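**Q** Heads up: the protein sequence lines correspond to chains X and V, in order. Heads up: the first sequence at position 481 corresponds to 480 in numbering that gives the first Met the number 0, and the numbers run straight through without jumps. Heads up: the second sequence at position 127 corresponds to 126 in numbering that gives the first Met the number 0, and the numbers run straight through without jumps.
Hints are computed from structural coordinates only; laboratory data are not their basis. Predicted, not measured: the structure shown is a model, and the values here were computed from it. Hints are not guaranteed to be accurate.
[As the list claims (entries may be wrong)] Below are the EDC-like pairs computed for lysine to aspartate or glutamate, each with C-alpha atoms no more than 20 Å apart in a straight line: (1) X:K37 to X:E100; (2) X:K436 to X:E358; (3) V:K163 to X:E157; (4) X:K436 to X:E355; (5) X:K352 to X:E437; (6) V:K163 to X:E358.
[To be verified] Now the in silico label distances, taken between C-beta atoms and shown as ranges: (7) X:L19 to V:P87: 50 to 56 Å; (8) X:L292 to V:P87: 19 to 25 Å; (9) V:V64 to X:A199: 26 to 32 Å; (10) X:F53 to V:L56: 39 to 45 Å; (11) V:P87 to X:L160: 22 to 28 Å; (12) V:E145 to X:A99: 45 to 51 Å.
From the three backbone atoms N, C-alpha and C, an ideal C-beta is built for every residue, glycine too.
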Amino acid sequence: MTFVTISDFIPIVPELILVLTALLVLLVDLVGTQTGYKMTSPLLAIGGLCVAVFAEIQLFGGNRVGFFDTIVADQYSILFEIIYMVTGIITITISWHYIAENNMNFREYYVLMLFSIVGMMLMTSSLDLLMIFIGLEIMSISSYIMVGMMRRVVTANEAALKYLLLGAFSTGFLLYGISLIYGATGSTQLPAIIEHLQQAGAFENPLVGFGLALLIIGVGFKVAIVPFHMWTPDVYTGAPTPVAAFMSAAVKAAGFAILIRIFLTGIPHAERWDNMMWVIAILTMTVGNVMALRQNNIKRMLAYSSIAHAGYVMVAVVVGSEAAITSIIYYSFAYALMGMGAFGVLSIRSNGKTIETYEDLAGYAHAGPTEQVAAVLMSTFMLSLLGLPLTAGFIGKFQIFYAALDEGWFWLTVIAAMNSVISLFYYLRVIVFMYMKERIGAQQEKESQTSVSSLFAITGLLATAAGIVYLGIFPNDFVQLAQLSVTAISF
Amino acid sequence: MLLTFYILGTVSVLSALGVLVCRSPVYSAMSLVCSFFCLGGIYILMNVEFVAVIQILVYAGAILVLFLFVIMLLNIVPTGESVRFNLPVLIAFGIAVGLFAQISGLFLGDIQFGPKDVYTAEAISEEGSIGLIGRLLYGEFVLPFEAISILLLVAVIGAVIIGKRRLN
């Protein structure tokens with residue numbers, strides 16, 4: 000019988016740090032009275048995340064393995080884990096004022112977010128389908144609860160219930176797929192599964208194809224690719240805005256991280272159902288963009304636009320070359336920043352009013368000092384989502400298109416580019432409304448109530464925007480890291 | 000042995016039918032318990048004690064109590080109406096049967112199961128399935144096992160947040 004030793008725990012040190020932080024936040028909540036704007040929990044959570052990022056950097060390049068070779072801390076998982084944690088830090092900065100203003104007085108919010116990140120990290124660094132499943136469930140259950148935290152709001156309840164039911168259903172698909180693959184290959188560990196699948200004739204076994212299809216359905220639900228996207232607009236609109244930001248960025252990145260691990264690293268290209276996958280990619284892009292055009296609610300528009308962006312990433316998944324995987328990692332990070340940024344600006348109230356529709360944005364840029372800064376930030380995020388040069392969005396799309404053309408996917412690239420053009424309309428509309436429309440009804444402009452709390456959010460968003468511009472002008476550092484991490488996963 | 004199997008099997012099929020036939024939801028739930036217990040017995044006959052214990056603990060113990068609570072809380076009374084076969088129901092039924100046939104066809108076809116690893120029927124009967132599973136849980140699968148504790152903690156926090164009576 001084999002036991003774990005202390006060295007087995009080294010690759011999961013960042014996860015352990017986050018678990019301890021989460022438990023600490025949970026306990027701190029019990030001490031003293033908690034007023035609306037108390038900063039202990041968010042600062043503790045940010046501190047824990049920073050320490051964990053530091054631990055990841057220490058692990059980088061070490062390629063440590065543990066727990067009977069089922070947990071690896073290779074460059075790939077470390078890079079993705081840092082993306083989750085950066086997303087987490089930004090989410091906390093945009094959550095604090097939102098929680099106070101919307102009476103969402105559950106300090107457990109931060110605990111659940113930390114646990115959700117732990118789940119993502121476990122599933123990214125694991126090579127065992129069992130662990131991947133448990134990680135995915137920790138992530139999902141935390142996010143179901145976070146979506147439903149505003150108990151008094153009907154739309155939030157609807158969103159939480161929809162997300163829970165459909166999520167539980169998709170989990171069933173995933174688990175069924177895992178069990179079929181276990182039946183066919185005799186193992187739940189990815190290296191053994193891949194070794195089995197690379198034998199000639201492995202795919203003639205109906206269990207394999209059926210199991211993989213179910214796995215794709217399960218993961219496809221989490222990353223919201225079309226036919227499995229129906230829940231996205233309702234859930235993102237109903238959820239607290241910072242939670243929607245977190246889900247569109249981190250949860251999706253985690254989904255793509257395991258999609259790459261399972262689907263792109265060992266399965267022969269001929270067996271990847273190219274025909275089915277490119278149809279999904281095109282559908283995801285087109286449905287996302289066309290539906291986003293028709294929305295009047297900005298959160299809904301952003302939800303559909305996040306579907307469209309998942310479609311661009313699916314193009315890279317179809318291509319599946321090393322360059323394509325590099326572009327997926329880059330795009331996940333870039334989209335995490337710009338998507339979070341856009342939702343983050345929406346979380347800030349303007350003159351005590353929540354921004355919901357385009358009309359609410361009319362005259363936003365001239366409404367007050369906070370709004371002036373926020374409008375500049377929002378424009379940056381929109382231009383990046385659009386894919387304008389000098390932003391991270393441009394480099395991300397460029398890499399995906401380049402990788403696709405390199406492998407001869409000409410028409411797929413053309414369709415993706417056309418979709419980018421469609422997205423021009425609804426992203427620019429936001430900027431037009433902010434700068435060029437007059438506020439309807441021209442109510443008495445009272446002194447803009449800039450609370451200290453939204454300054455915290457503005458700081459976080461400024462850092463996000465700076466990150467986007469930095470990644471857009473100097474993409475090389477991150478691209479090299481991404482390339483390094485692609486070589487770390489087996490081919 | 001064989002006789003026990005036949006008795007358990009017959010009772011479990013009959014009580015499963017009872018779930019469908021009974022008008023009162025409480026009777027339905029009770030015959031479901033009976034069916035679960037018989038299945039547990041069959042598992043013991045097959046020398047898989049662990050599955051048998053889990054079957055009774057989880058299904059007969061936990062899930063059935065949940066069913067009964069829901070029936071009690073919602074105060075469901077038998078209506079005397081039976082399921083009507085209208086067009087949507089028939090279409091859904093057709094699709095379900097078709098899908099089931101397709102999947103069973105797949106599975107009856109040329110399925111190959113993977114390597115059996117070291118856990119053959121003899122190895123299991125030598126030590127007993129509970130012992131083996133216990134050793135695996137604290138050995139090879141200790142990390143997933145511990146990670147489940149996080150999952151449960153998250154679920155408990157969620158239950159408190161959603162169920163908490165007073166919000167302030």
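**Q** Check each numbered hint against the structure and report the violated ones by number, ascending.
**A** 6, 8, 9, 12
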